[in-house]
Every structure is written in structure tokens, then in C-alpha cells.
Amino acid sequence: MQLDLRLPIGLMFGVLGLLLAGYGLLSDPAVYDVSLGINVNMWTGLGMLAFAAVMLGGAWLSSRKNT
Amino acid sequence: MRSNMHLHGVDYAIIALYFAFVLGIGAALKRFMKTSLDFFESGRSLAAWITGLAFISANLGAQEVIGMAASGAKYGIMTSHFYWVGAIPAMIFVGVFMMPFYYGSRAHSVPEYLRLRFDEKTRALNAVSFAVMTLFSSGISMYVMGRLFQLLLGWDINVSIVVAAVVVLVYILLGGLTSSIYNEVLQFFLIVFGFLPLVFVGLLNAGGWTGLQARLSTVATDAGYAAGAWTQSWQHMGSPAANPMGVEWFGMAMGLGFVLSFGYWCTDFLVIQRAMAARSMNAARLTPLLAAIPKMFFPFLVILPGMIAIAILPKTAFVFNGATDYNMAMPLMLQKFYPPGLLGLGLTALVASFMSGMAGNVTAFNTVWTYDIYKPYLRHNGTDAHYMWMGRMATVFGTLASVATAYVAMQFGNIMDLLQLVFSFINAPLFATFLLGMFWARATANGAFWGLISGTLAASVHYLLTGVGAAGLSTFHAYPSDMAQNFWGAIWAWSACFVVTIVISLATTPRRSEELKGLVYSLTPRIRDGGQAWYKRPAVLAVVVGVLTILLNIYFW
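Chains C and V are the protein sequences, given in the same order. If you're matching positions, the first sequence starts at 2 in our numbering and goes up one per residue. If you're matching positions, the second sequence starts at 32 in our numbering and goes up one per residue.
So here's chain C without its partners, still in its complex pose (with noise of 0.2 Å):
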């Protein structure tokens, strides 16, 4: 028996996602001009919030099969 280790890392994923993704779409447009005007964090945030929900669904769908 051990911790899902799914759990920890959708978890993490999934507040850096929206830490980023928020700061992404809150932050003034010029701090992108680094990134060649692409607003990185925003997409970094989504892509991060995508793979924590794959993540976080995988976790539940086997704690439920195994109960």
C-alpha cells in the first residue's frame, strides 16, 4: 500500500497551473516582450492545469475501482 503519488502531483500541478495562468493573464502585456510578445506563463499555467487534471481523474478512477 502506498500514497498515490497521482494525488501530489495533479495537486501541485494543478496550484502552479493556476498560479501562473492567473499571473499570465493579470500581469501587463510588456513583461512578454522577452518572450517574443507570447504570454508563456498563461499557456505554461493551461498546459500545467491540463496534465493535473489527467493526474488528479487517473487517482480517482483507480481509488474508486479499488473500493
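To be clear, the hints were calculated from the coordinates, so they are not data collected in a lab. All C-beta atoms, glycine included, are put in the ideal place defined by N, C-alpha and C. Any given hint could be a false lead.
[Stated by the list, open to error] Between beta-carbon pairs, the in silico distance windows are:
id, chain 1, residue 1, chain 2, residue 2, range
1, V, Arg543, C, Leu4, 41 to 51 Å
2, C, Leu37, V, Tyr586, 18 to 28 Å
3, V, Thr66, C, Leu26, 42 to 52 Å
4, C, Ile39, V, Leu344, 16 to 26 Å
5, V, Gly55, C, Gly58, 18 to 28 Å
Assemble chain V onto chain C, guided by the hints.
Below, chain V alone, put in the same frame as chain C:
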């Protein structure tokens, strides 16, 4: 560095979040640490994807992230040989052919396998040298981390070292090997999310792969090489003078691709320990094979940023205190392309790889210390709880020794270079011993022991008798580069070990075949994995990984 990076609140928030989760995972794992099996081997209960990602992450310390980007700037796409030649073939081999003996023998560690297969003295030699080397690499990695953050961010080096040591210590004490493995998986994903946007934006800036090729051809011709020297991995390996690494294809394929790579991936307990924590024989065998899939694409994540850096930044950007330092390629790229937010994420990925590199070394050390040194030689009849306590003590000692090493490295850089050289002499012959041990039942304990000693001697003698360039010490032979000398030294060491082991084995009495069951290929029943789904069969995965690697080599030929 002329201007330090400036971090914003959001960057600190990301770093803080990472620390909170790392310690949180340790705390959540505490209740699962009931026996020494849980603490040292994760109860042999982990899924293959977890041990697989840990398998490559344990090796992917930040030194590698920084160093691979540096080599990308210095040598170009040829650096990918460290992956497509110097890692994947060995990972396939260990998964398909060697894991059955490591996992199946029920040994706790790689040195313990040597005791089962050969004898006590061979194990002692391997265990002691491994334990010492592990602590040193952990200490050196701490020192490199402290210095990097001092240079980049102006953080105090003492604070960096102590904070990293305390966090690693706490999470290993709480969750043992599982903590270390879970954090390695976390680090893997942090590296992917932290560096993928950098590669994307960097490539866009350089005009895609074709734009990058055009810019790098100028870099190559300026340095006096053919235009494709930075973007073609094999075409310029006919002679060492034609490529910036100064190595020819044979030395590369045999020295790196065979001796060094198989010696590391197939015998180093740091990585093998991850596979041995898997929940079944099949999962253990799948561990390196699953690991090979992301591993083969890592060059795009860690080497490409270095190539982009040398292509788009002026040469003066790499000059620090009057000397060119390509190790700054990755940090320079982060600074150039990352806004607040992603900058914090990129740095967190670096912090994570430093810490998990240390944690990997400390967990490998505490296991080898407890099972291969303390238990056989100091206290044989302890209870399980006693050995678990000893594992925790070894964790504390290992962390303290790493910190001490970091400070020694800070004061005496030359001693560290010398030690790393000696370690390379010790490691070079190892694969010959394991190869003969696992696949030749006639190999004897005395053969293995003296073979190892001869291999190390051969490597030392080779080093003393050869030099690099015109400035060789005592030059029976001058190699065109350090790398060529290193690769050829490994080839000599391996060959000496191989030959001496065979000769002495033939002259000594072999063990009876019944005693070698499960330890030697010809005396062990074959594993049938026909019952598994096709994608869970090691052989199928090995072929897929092998073909993909060959295609990558051809594409970047």
C-alpha cells in the same frame, strides 16, 4: 555576471510552493514506513512508470542540465551521443538481460548481488568505493548549486547549501526511498514544464531548426570546422580533428557507447535501486525501458537551449571574469527569454534537480552502508527496527558528509578534480565484471576481484602514460582531447578487467552450478512474458525504443 537575475514575488511563490510539496510528500509517506523494506526499497511496490521516471531523474542532476546545455553550446548536436549512444543501448540491455538477476536474486543492492554471485571481498570492494563516491558526488552537486545561485541571484552560498541539505534530510528521514523516488518524478515534470517553453521560444527566435542550422554553420566555420559540425551528429566523426569534441567514431562508440555507458546504467546502484523498488519482476524490467522513451527526447530539452544560446548570443555573453564559461548557457537563456513567473519555474526546475540528485545519492548511500557495510561487518544480528534506525542514522551522516564535501570542494577545487579522476578509474572496469558474472558461469570470485583491481590499475597506468595535445605529461601517446583520453582509458580498463577475470577464472575452481541458479543467465529459467499485454512486454518495448533511437541518429546524421 554583469547583472543578477531579478526575481519577483510570483517567482518566490513558485519556489516556495515546490518546497511545501516536497516536504508534504515526505510527511504523507511517513505512515507507510513500517519496516526496513519500506524504507530502503519502497516495499518493492511501485508502478513501472514511477520507477522509470525516477530512473532517469536520479541521473538528471542539475549538473547534467547545466552541463548538457554547456556541451550543446561547445559541441552542438554531437552532444546527443551521450543519450542516443551513451545511454539508450545500455538502458535496453539492463532492462532486458540484467534486471532478472538484480531483481530476481532478492539482493538489496548491487554490491549484494556481487556477494551472492562471487564473494565477500568483491562485494566489500564495490560497496566501499560506491559509498565513498556517492557521498562525494552528492557534495560536489551541492557546491555547484550553491555557486550557481550565488552567481545568478546573489544568494548566499552557505544558506543555499544548508537549506537544500536540511530539506533533503527531512524528506528522506520521513519517507525513505519512496520520498526520494516521488520527488524525482516531480522533478521530471518540473523540468519538462520549466524548459519546454524555453526551447519553443528560443527556436522561434532563431528561425526554427533551419534558421538555427544556418546560424550554427557560421559558429562552426568561425571555429574552423565544416559548416555542419554543430548540427550533424555523425558526419564529422571520421577523424578527431574534424569535430569540436576531438573524438573519432570508434572511441565514441566503444569508449562511451559501450564501456562507460554500460558501466554506469547497468551497474550503478543509484539508478538500479530505482528499478529494484518496482512492484514486480516485469515492472523492474520495464523501468529502464520506459525511462528510455523520455530519455531519448531529452536532448531537445537540455542540449538544444545550449545550441540556441551559442547561435543567437554574442560570444562575449559567455565571458565571466575574463574566462569563457559555457556552463552559463542555460541560465543565460532563462534570463533572455523568461518573464517573471516562468523564470521562477525554470529556477525551481534547477533547484529540484539539484535536490533530487542529492537525495538519490543519499538514499543509495544509506542502503549500501546499512546492508553492505554495517550489517555484514559491524552488527550481524540486529532486528529489523535496528537496521531501519541505522538507515536513518546513515541518512543523517550521509547528508552531513555531503555538506562537508561541498566545503572541501569550495576550498580545494583541484582535490575534487583528482578524486573524480580516481573514481573514473574505479568505475571503468565494472561492466566487464558484471557481464562475465551474469553470462559466464565459469567466472570465479578471485577472477572477478583481481579483474577489477587490474582494470583500475590499467586505467591509472593509461592516464599516466598518455597526454592530451602537445602538452602531454609523459607522452607515449598524445590524444587530441580530454574526452578522447577518457574514452580510451575506459576501453583499456575494461579490456584489462575482462582478460584478467577470464584468465584467473580458468585457473581457479568454479562454484557448483546449483549455487549459481538465479544469478547466471545459462543456469536461470527464462522468463516468459507471453501473458502480458504487448505494450507491457520488455522485448517489444526494447525493439520500439531501439528503432526510434536509430531513426533519431539517422535524422541528425
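Going through the hints against the structure:
Restraint check, Arg543 (chain V) to Leu4 (chain C): a C-beta distance of roughly 45 Å satisfies the suggested window 41 to 51 Å. The beta-carbon spacing between Leu37 (chain C) and Tyr586 (chain V), approximately 27 Å, falls within the hinted interval of 18 to 28 Å. Separated by about 49 Å at the C-beta atoms, Thr66 (chain V) and Leu26 (chain C) satisfy the suggested range of 42 to 52 Å. For the hinted restraint 16 to 26 Å between Ile39 (chain C) and Leu344 (chain V), the CB-CB distance of approximately 20 Å keeps it satisfied.
The supplied range of 18 to 28 Å is met by Gly55 (chain V) and Gly58 (chain C), whose beta-carbon atoms lie about 21 Å from each other.
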